[in-house]
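Chains as they are written, first to last, in our numbering: chain A, 1 to 257; chain B, 258 to 563.
Calculated directly from the structure, the hints in this document are not laboratory data. All of these numbers come straight from a predicted model, not from anything done at the bench. One thing to keep in mind: the hints can contain errors.
[What the hints assert, rightly or not] To give an idea of the interface, some chain B residues facing chain A are shown, with a C-beta separation under 10 angstroms as derived from the structure:
id	residue
1	395
2	482
3	520
4	556
[Unchecked claim] Between beta-carbon pairs, the in silico distance windows are:
id	chain 1	residue 1	chain 2	residue 2	range
5	B	301	A	173	58 to 66 angstroms
6	B	402	A	117	24 to 32 angstroms
7	B	317	A	156	57 to 65 angstroms
8	A	173	B	535	48 to 56 angstroms
9	B	528	A	257	23 to 31 angstroms
10	A	257	B	298	46 to 54 angstroms
11	A	173	B	296	42 to 50 angstroms
12	B	402	A	32	43 to 51 angstroms
Quick reminder that beta carbons are idealized off the backbone N, C-alpha and C, glycines included.
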Amino acid sequence: MITRRALLGHGAGVAALAAGRAWGAAPMDPLQSVAWEDMRALLLGKGPVVFDDRITVAAPMAAEDALQVPFLVDAGALGRVQRILVFADLNPIPLILDFAPGRLAPLIATRFKIQQATPLRAAALDLKGTWHVAGQWVDAMGGGCTTPALAHGEADWTARLGETEARVFDRDGRRRIRLSIRHPMDTGLAAGIPAFFIEKVMVEDAGGILLGELATFEPVSENPLLTFEVPAGIGGDITVTARDNNGNIFRRKVALS
Amino acid sequence: MRALAAGIALMLVPLQALAFDYQLTAREIAPDTYVVPGRMEHFNRANGGNIVNTGFIVTTAGVVVIDSGPSLDYGRQLRQLIGTVTDRPVRLVLITHAHPDHYLGNGAFGDVAISALDGTRAEIAGAPPALLDGIYRLVGDAMAGTTLVPPTGVVTEGPLVVGDHGFELLALDGHTRSDLAVLDRTTGVLFAGDIAFLDRTPTTPQADIEHWLAALDRLRALPAKLVVPGHGPVAPPPQAFDQTAAYLTWLREALAAAAARGLDAAEVIDMKLPEDFAGLAVARAEFARTVAHLYPTFERSVLSDK
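Looking at chain A on its own, in the form it has when it is part of the complex (with noise of 0.2 angstroms):
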């Protein structure tokens, strides 16, 4: 099988040989999306970029439910990282999350909404200074993100907003939490809806001390259920603090051990 990763590693020389300065080196596209350079600008500056396979997007080839598409990232193969970013290039908001990882592990899963057929990629920016890409199409009949959120059909959804329910699991030594959090994630897309959404979530150590922290933006879905890792060597409880756009703060520890 050809991997993708030996297909850019040759195609990059290709490409630039053929191509010289008009394309300024830049890698192809492996998904060939019609918004890769605007991505690229828009979310990755002017560092350098590779197309890497090491990097693991897990997603579904379709969208079943347009408002909840799970999807994993984990960058571990590529040692330590500084941000990984996942964004869906075909998105009226692309950017899903920001992710600082820190002295958590480079690993993060949640579920987004989905507005079309997209490419869906991880871009993890290495200690050098250069974005490693990887990612899939997600097909879907759409309309996600133009959907009013599910909790305004509930009388009572602001009475239990930010309820949060949590679990630790063991994983190869180190520790998964799960986290889901009650709130609409209203996108501002929905008629007559204003944005509302939790924007940051910061994980901080028994002592206070800022482990790693996730931004949150517009497509993150409805009640988010956050997947992370912590390494070992990190014990006690851990705190979870969340943050929406209205400065609504919720806070959950969770025991480690």
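Once you've looked at the hints, dock chain B against the given chain A.
For chain B alone, coordinates are given in the frame of chain A:
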């Protein structure tokens, strides 16, 4: 210029008149009893949505049709096919459940009684127009002219006599909230609807696994000689019951185990399928859909434990 316009018009006329040809065939599986087999695939442009088994029984009082198929043109062609088998009129169309591949042909039977369980009738009557948009997107032109036509009548569990055939209707649930199975006591043929699948991965958009397994147990107790599954080949019992039950039981265990390990849905989709099920038609894609349908309940129950 006028000549060119006329030429274009000439080219367009035959194209417009060309309906999607489903090439339907009726297979006689018992006296007076026919199955129109569909492909074991997902909706696509090549199959026009014909992924479903429909059937009909020719009684002395007219023809009883089981499910009308995935589109208006399918329904029309099914009716033509029935006309090649018998001169008797269609007397009754029974819709097994409210999934679009089973009832979107209703428009071709607007002049006869179309009946279903009340839950099925209500679900079709309340179906959002976006449902049709989704199928147009997958199937394309074969859907031309198809509209949502709800059943006009309601049937309930119990005996139903039509001409010289005595039927037993069963009101079940589990595949959807309302699933009809039809046993023809005269021939011993059981039209199981989508409570039974054979060699084609079961679909689960509205599934309740416990209820579905209970429904299969009720079908097992019937004196059926031959089972027509909603999808897959006709076979004597209990083959389709066993295979469907085994798959559902595995699903329940595998999804619970994945949730207990803390796996995200995106990881579960890639899970290795057991050999018994990996060979079923559309196994991988259907399993991914099932994870979207059923896994959230499993993972939420694990999270709320603590």
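So, going through the hints one by one against the coordinates:
A distance limit of 10 angstroms between C-beta atoms decides the matter here; for residue 395 of chain B the minimum to chain A is near 9 angstroms, and the interface restraint holds. This hint is violated: residue 482 of chain B has a C-beta 37 angstroms from the nearest C-beta of chain A, more than the 10 angstroms allowed. The closest approach between the C-beta of residue 520 of chain B and any C-beta of chain A is roughly 9 angstroms, which is under the 10 angstroms cut-off, so the hint is satisfied. Satisfaction of the interface hint for residue 556 of chain B is found here, the shortest Cβ-Cβ separation to chain A being roughly 7 angstroms, below the 10 angstroms cut-off.
For residue 301 of chain B and residue 173 of chain A, the hinted distance range of 58 to 66 angstroms is not satisfied, since their beta carbons lie about 45 angstroms from each other. Range check, residue 402 of chain B to residue 117 of chain A: Cβ separation about 26 angstroms, and the 24 to 32 angstroms hint holds. Judged by the Cβ atoms, the range 57 to 65 angstroms given for residue 317 of chain B and residue 156 of chain A holds: they are separated by roughly 59 angstroms. In this structure the hint that residue 173 of chain A and residue 535 of chain B lie 48 to 56 angstroms apart at CB is violated, the actual value being about 31 angstroms.
At roughly 29 angstroms, the beta carbons of residue 528 of chain B and residue 257 of chain A sit within the given window of 23 to 31 angstroms. The beta-carbon spacing between residue 257 of chain A and residue 298 of chain B, approximately 50 angstroms, falls within the hinted interval of 46 to 54 angstroms. The hinted range of 42 to 50 angstroms is satisfied by residue 173 of chain A and residue 296 of chain B, whose Cβ atoms lie roughly 48 angstroms apart. For the pair residue 402 of chain B and residue 32 of chain A, the supplied restraint of 43 to 51 angstroms is violated, since their beta-carbon distance comes to about 36 angstroms.
The structure fails to meet hints 2, 5, 8 and 12 from the earlier list, while all remaining hints are met.
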